[in-house]
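Both chains are sitting in their own frames, so use the hints and assemble them into the complex.
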Amino acid sequence: MANRVEPPDGGWGWIVVLSAFFQSALVFGVLRSFGVFFLEFAAEFKEPAARVSWITSIGIAVQQFGSPVGSALSTQFGPRPVVMTGGILAALGMMLASFATSLTHLYLSIGLTSGAGWALTFTPTVACLSRYFSKRRSLATGLALTGIGLSSFVFSPFFQWLITYYSWRGALLLVAAVSLHIVAFGALLRPLKLAEDPAVGGPMAQLFSLLHHRPFLCYTVALTLINAGYFIPYVHLVAHAQDLGWDPLPAAFLLSLVAVADLAGRVFSGWLGDVTPGPVARLLALWSFLTGMALALLPVAQQSLVLTVLAIAYGFTSGALTPVAFSVLPELVGIGRIYSGLGLLQMVESIGGLLGAPLSGYLRDLTGSYTVSFVVAGAFLLSGSLGLLTLPGFFCFSKPSATEQYSMTKSLEVRVSPKTAEYGEESPGVQDP
Amino acid sequence: MRSALGALPLSIFLFVAVPCFSQGTTSDADFTTAVATEETVEMGKENVTSTSYPDLIPMEATVLVIETSDAVVEQNVTIGNPASIELKCNFSTTRHPQFVYVYWKKGDYRINKTSGVRVFEDVMQAHIRLMITDKMDMDSYSCVFEGIKERKGTFHFKVPEVYTKEKPLVNYERDSAVLNCNSKNYVPLEWKWYASNGSEKVPIDLTMKNKYEILPSKHNETKLKIKHLQSTEGGLYWCRAIFLLGESEGKQNLRVLSYLVPLKPFLAVTAEVVLLVTGILLYELYTKRRQMPSGGKDFEQAEHLKSEDHNGVQKNNQTTRHRKSEVTVNLSSN
Chain R
1 MANRVEPPDG GWGWIVVLSA FFQSALVFGV LRSFGVFFLE FAAEFKEPAA
51 RVSWITSIGI AVQQFGSPVG SALSTQFGPR PVVMTGGILA ALGMMLASFA
101 TSLTHLYLSI GLTSGAGWAL TFTPTVACLS RYFSKRRSLA TGLALTGIGL
151 SSFVFSPFFQ WLITYYSWRG ALLLVAAVSL HIVAFGALLR PLKLAEDPAV
201 GGPMAQLFSL LHHRPFLCYT VALTLINAGY FIPYVHLVAH AQDLGWDPLP
251 AAFLLSLVAV ADLAGRVFSG WLGDVTPGPV ARLLALWSFL TGMALALLPV
301 AQQSLVLTVL AIAYGFTSGA LTPVAFSVLP ELVGIGRIYS GLGLLQMVES
351 IGGLLGAPLS GYLRDLTGSY TVSFVVAGAF LLSGSLGLLT LPGFFCFSKP
401 SATEQYSMTK SLEVRVSPKT AEYGEESPGV QDP
Chain L
1 MRSALGALPL SIFLFVAVPC FSQGTTSDAD FTTAVATEET VEMGKENVTS
51 TSYPDLIPME ATVLVIETSD AVVEQNVTIG NPASIELKCN FSTTRHPQFV
101 YVYWKKGDYR INKTSGVRVF EDVMQAHIRL MITDKMDMDS YSCVFEGIKE
151 RKGTFHFKVP EVYTKEKPLV NYERDSAVLN CNSKNYVPLE WKWYASNGSE
201 KVPIDLTMKN KYEILPSKHN ETKLKIKHLQ STEGGLYWCR AIFLLGESEG
251 KQNLRVLSYL VPLKPFLAVT AEVVLLVTGI LLYELYTKRR QMPSGGKDFE
301 QAEHLKSEDH NGVQKNNQTT RHRKSEVTVN LSSN
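Read top to bottom, the protein sequences are chains R and L. Start counting the first sequence at 1; every next residue gets the next number (the working numbering). Start counting the second sequence at 1; every next residue gets the next number (the working numbering).
One chain only, chain L, in its complex shape (with noise of 0.2 angstroms):
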């Protein structure tokens, strides 16, 4: 937070000397301290001293140019908080460095610095250190080499994403869902949320307590509790954090289900076994009843079944005996 505190003024001052950049105000001298000088001369009032520099995270990014590749190049740089970043492009080209003239681009808009050139073996370095310390520096900045064919490699700055869960989260009527957004490896200033009514997006009511809770996390991340789901609270809820440089958005969806949504397909499965073993014990009972012709045979068979459902403590020697006894019975009246 001591960057906030820092970067306030200075930030005051860029939205000052943001139009200084295509004014053309500089020579060709290194950038940095060029910055510096520029800042104390035109500061007057503020007294930006330079310990807001060392809150600026060095940062840096390189990508590769090829005069002889149509590709399209361009990357993209995540940016957390301030810093201060040197932008390379390495020029692979046939020509001499000295006829290969560059320069760089914020936007569709030329930015009226030299770009700084190292030359190595074979090929050519162009860069440019940047000061990002306010939402307007997020932009995307090229490196432009002129020739034939104009080529050039884009860096484009974003703030840094907020993750959520990707499958939707599923929870029942009177339960409680906790919603979840994480911001990784990147500290936001501030986290919100919100509904959605449709297409607008709608800020949660945190002072209803009985209903809204944002649990206690760590910083880069929030959870937002939300308990006596009514089914009408399904949808979907956007987490948004917010940065000094920018804000950054993720999403995440909420199902709420009633109790009758899985009851329906479980009483129609019971029912179905129910179905299907009154069907097998009727099947038996039919096929048993068509192979005796005799009635008193018919009688066994019944008493057979029945034993067999029976719950009652008789040993199995006793009833096996009996039945014993009622078959010889049966056979000697036959």
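One chain only, chain R, in its complex shape (with noise of 0.2 angstroms):
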């Protein structure tokens, strides 16, 4: 069975653009709807908000953190059997918070266990779909993460029917039904043996390979930049809205809106990106650099009108730099380690998000308005953007192709198969439909 030097580009692709499209729903969709259990966990167990809110936080933690172990697993033994145990670990999780007792149950079985499951899930996956593609990487990723955002408005208003009907107990246990799907989907995901694979070496060494590039490295800066300004508007858009004197509906209705605009930015980016010449870490660094000038514009809008118009556009340009952020890895580190890569990548970046939340709300204190918090927030992502300029081949006009990406992890590979040339001169065999 011979491994292919170029990834499909289609065919069995799309069916993991799918599976890619409902495990980011079913991770981060799941996760966003959940704060309809927040009134009931504060009811049921009689505690302040702020310590119902750790259950979520635990497990964005743990995914985030995790992501390096689910890419070495996949790495190691191939996506499949790694998504699927995920999937039975996050159903787990959920299926054991139906019989909690105490705050800390659920902090142990949604935070850890669920998060665990979590973490097993959405890297490898995304990782996956990156292998299968190369011409329309980025197009194939925005739509696959087009999951996120719809899941929401779906997940949203059917967990507060499932507790409606079922109350919390029922509706947990419901929920883990549903998250079983993640194994379902996960079997689609059929290994791809590419021709890096062998040169890139295990888990362990493309790890140590990457923390020795320096690309990586820069990149990894600049994107846990960006993420520390990221987050900051879903978190005090409405707030900040009704501090200027709207009502709690049209500000609710304003972050739909954003929404809304952010699908679109990411399907939109996912086309450019890849029809576009040259390296898409310019892309990256235009639409960080169009959100950076939104946030930071955000606090200067006093009218309504205004106001709308730059929240929308920060909704486009922040679902637009998403699908390329994931796209910039596999040109950087070769496809051959994008698990590790993205596990690595995931791990530090989200230090820059569980920082930027907490940061501009304490920002927010102390000054009394969302200014400060909104042009920090634009600070970090025009940073981050300028970070990006420092990325090898930025300024090249051609988009490195995969044979070019091929020969360039071949000079960075740690330990060198002796049959490694035999292999590259063998025909690519059948592979799947």
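No lab work stands behind these hints: they were computed from the structure. Warning: the hint list may mix true and false statements.
Stated by the list, open to error - Below 25 angstroms or equal to it, Euclidean Cα-Cα: the simulated DSS-like pairs (lysine-lysine) are:
| no. | chain 1 | residue 1 | chain 2 | residue 2 |
| --- | --- | --- | --- | --- |
| 1 | R | K46 | L | K211 |
| 2 | L | K184 | R | K46 |
| 3 | L | K106 | L | K149 |
| 4 | R | K46 | L | K209 |
What the hints assert, rightly or not - Partner residues are not named here, just some residues of chain L that face chain R (Cβ under 8 angstroms, in silico):
| no. | residue |
| --- | --- |
| 5 | Y172 |
| 6 | P262 |
| 7 | P265 |
| 8 | F266 |
| 9 | V273 |
| 10 | V277 |
| 11 | E284 |
Bear in mind that the values here come from a model prediction, so they are computed numbers and not experimental data. The beta-carbon is built from N, C-alpha and C at its ideal position, and this holds for glycine as well.
Structure below.
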């Protein structure tokens, strides 16, 4: 069975896009809609809101910091068994949560167990998707990530209905059943053997080589900065609007508009990323720059119309930077190391995300308005986009093709397999349809 | 509770005095002082002192009646504790107040006290002060303006409402449920709980300590905890707030589910997922077998599939090398 040199760019790849769409929905869509359970938990266990919100914070933290583990396991065993195990863990966590008798139980079941399941699911799925596409990678990623936005529209009312009908315990049991579909969609992740795979070595070797790869480290720093600013409006936009005198309903509607703009941005940017010549990193820098500007200008907007336009612009540009952020990585570190690269990247950039929102809240408490926090978020994004300028080949005009990437990784490999040369000369075997 | 004790002899008096309303015993002197005089005159044995008056909460309510409008003018007035309330009707008319005759009604019966009248710029105000100290005082009072068309404004006196959760409470068997009732700004004398049996309300037996418990709470709310729920105990529960001036009820729907209720959909979805996974993996195996014509490569494919799901500790390199050498062997054998 021969390894391909070029990713299929279609065929079974579109099935993987479908799988990734649902995996994004089942991981982040579920996480984002979990807020409906908060009131129930607070009432049942008589705990303040701050302590209840730790449940999802722990879940997100475990998902982010566990990403390298998911990646390493995927490199070793292929994405399919890892993702299917992740699905079982995520569902198990929810099932255990339905029997909870204290908040600590929920921290351990949803936070730790489901979080670990999600760590084994999301990163390997997106990395697997990147391996299936080269010319249409950004579009495929953009389409898959729309799963997150669309699913929050569906899951929030659905979870609310479940709670009304079955009370939170029964509802959690049924959310566990829904999460089991991660296993079903994980079965679709047929592993792909690509040319670079034997050259880049096992998971530990890959991680080690990545930590010495200067472009990767620069990219990680830049993306951490971007992440620090990225989430802030989602957390503070509604409150800021109400500070300006908006009623709660129009303010919530504004957030929905931002979400729709986010979806449109993802798909548009995905398409644009593929048709634009040159490294995708330039588009990422563009979108980050625009997002930073939108954020920095947001506090200046006093009129409703200007605020709405800026908020929609933020939604569009921030959605646009997500698919290209994932697409830059294979060009940077080569498709063979994508699992480890993505895992490590997720772990480090999450520090930015975890620090960004509390920092913004702290600044808001300090100054009394969101002006400073929005400006600081914009500054993070702008500095991140500047950091992207340091990436190699940034100012070139041709996109590195798959074979070029292969030779790039070949020169960076730690262990050289003696049979590699023989390998590259074989014609690609018959792969899946 | 002081007002309760003070109001008791007063309410006994009023029970006696209510028929006097329709007997026309007063002149058009100011109402409040007239009552005071009447009380001290009529009371003989009872020692109702004027210290009962400070216990009455002063209240007022106003409506606007327009002569040229056919609209129904009414207002609900919530009275929680015995009160001395002044009802005012502003009448907007083109006629001179001198020619407008106004009187008051309690329910359908006319009150035989002359209405007080005040005149402002272009509005005439009829007013009356009532002592509301008993359940029988909680009625609908109207000011009636006579004319070509009779116009009136009505005040409906109501006891405070009891607030409960509108949505049904969902609990599982062997769990415990807490039912809440709240009377907001008003404090009732007592709370009582009832369960519905069809159309009857059956009082809850609070002596069953292992089943029912009233949780400690503020006086304007009540919490009933039902332990060891059974599926037969679902249905409507009523809490009744007992005020001096009447009673008010709230209802709460309790649904008791057995664990089977969410379990069945859960098992159904799990079965569906297992079917999907089996189907996907079988399809993959089938298409791979179909594509590979020779048996040697078949074996290779089966090994390829097996090693993916294999949780061995072999290094990736070694398996790849192993497979590579197999392929070269196969190709060379062809």
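Under 8 angstroms, Cβ to Cβ, is where L:V273 needs to be relative to chain R, so tell me if that hint holds or is violated. holds (5 angstroms)
Go through the hint on L:V277 and say holds or violated, using the shortest Cβ distance to chain R against 8 angstroms. holds (5 angstroms)
L:K184 paired with R:K46 [C-alpha distance capped at 25 angstroms]: Holds: L:K184 and R:K46 sit about 21 angstroms apart, inside 25 angstroms.
Between the alpha carbons of R:K46 and L:K211, is the straight-line distance 25 angstroms or under? Holds - the C-alpha atoms of L:K211 and R:K46 are around 22 angstroms apart, at most 25 angstroms.
If you draw a straight line from the CA of R:K46 to the CA of L:K209, is it 25 angstroms or shorter? holds (24 angstroms)
Double-check L:E284 for me: the hint is only fine if its C-beta lies closer than 8 angstroms to a C-beta in chain R. holds (7 angstroms)
With 8 angstroms as the cut and Cβ atoms as the points, is L:F266 at the interface with chain R? holds (5 angstroms)
Using 8 angstroms as the Cβ threshold, decide whether L:P265 counts as touching chain R. holds (6 angstroms)
Restraint check for L:K106 with L:K149, where alpha carbons must lie at most 25 angstroms apart: holds (20 angstroms)
Holds or violated: is the Cβ of L:P262 closer than 8 angstroms to a Cβ in chain R? holds (3 angstroms)
Next item in the hint list is L:Y172. Is there a CB on chain R closer than 8 angstroms to its CB? holds (7 angstroms)
In terms of the numbered hints stated before, the structure departs from none.
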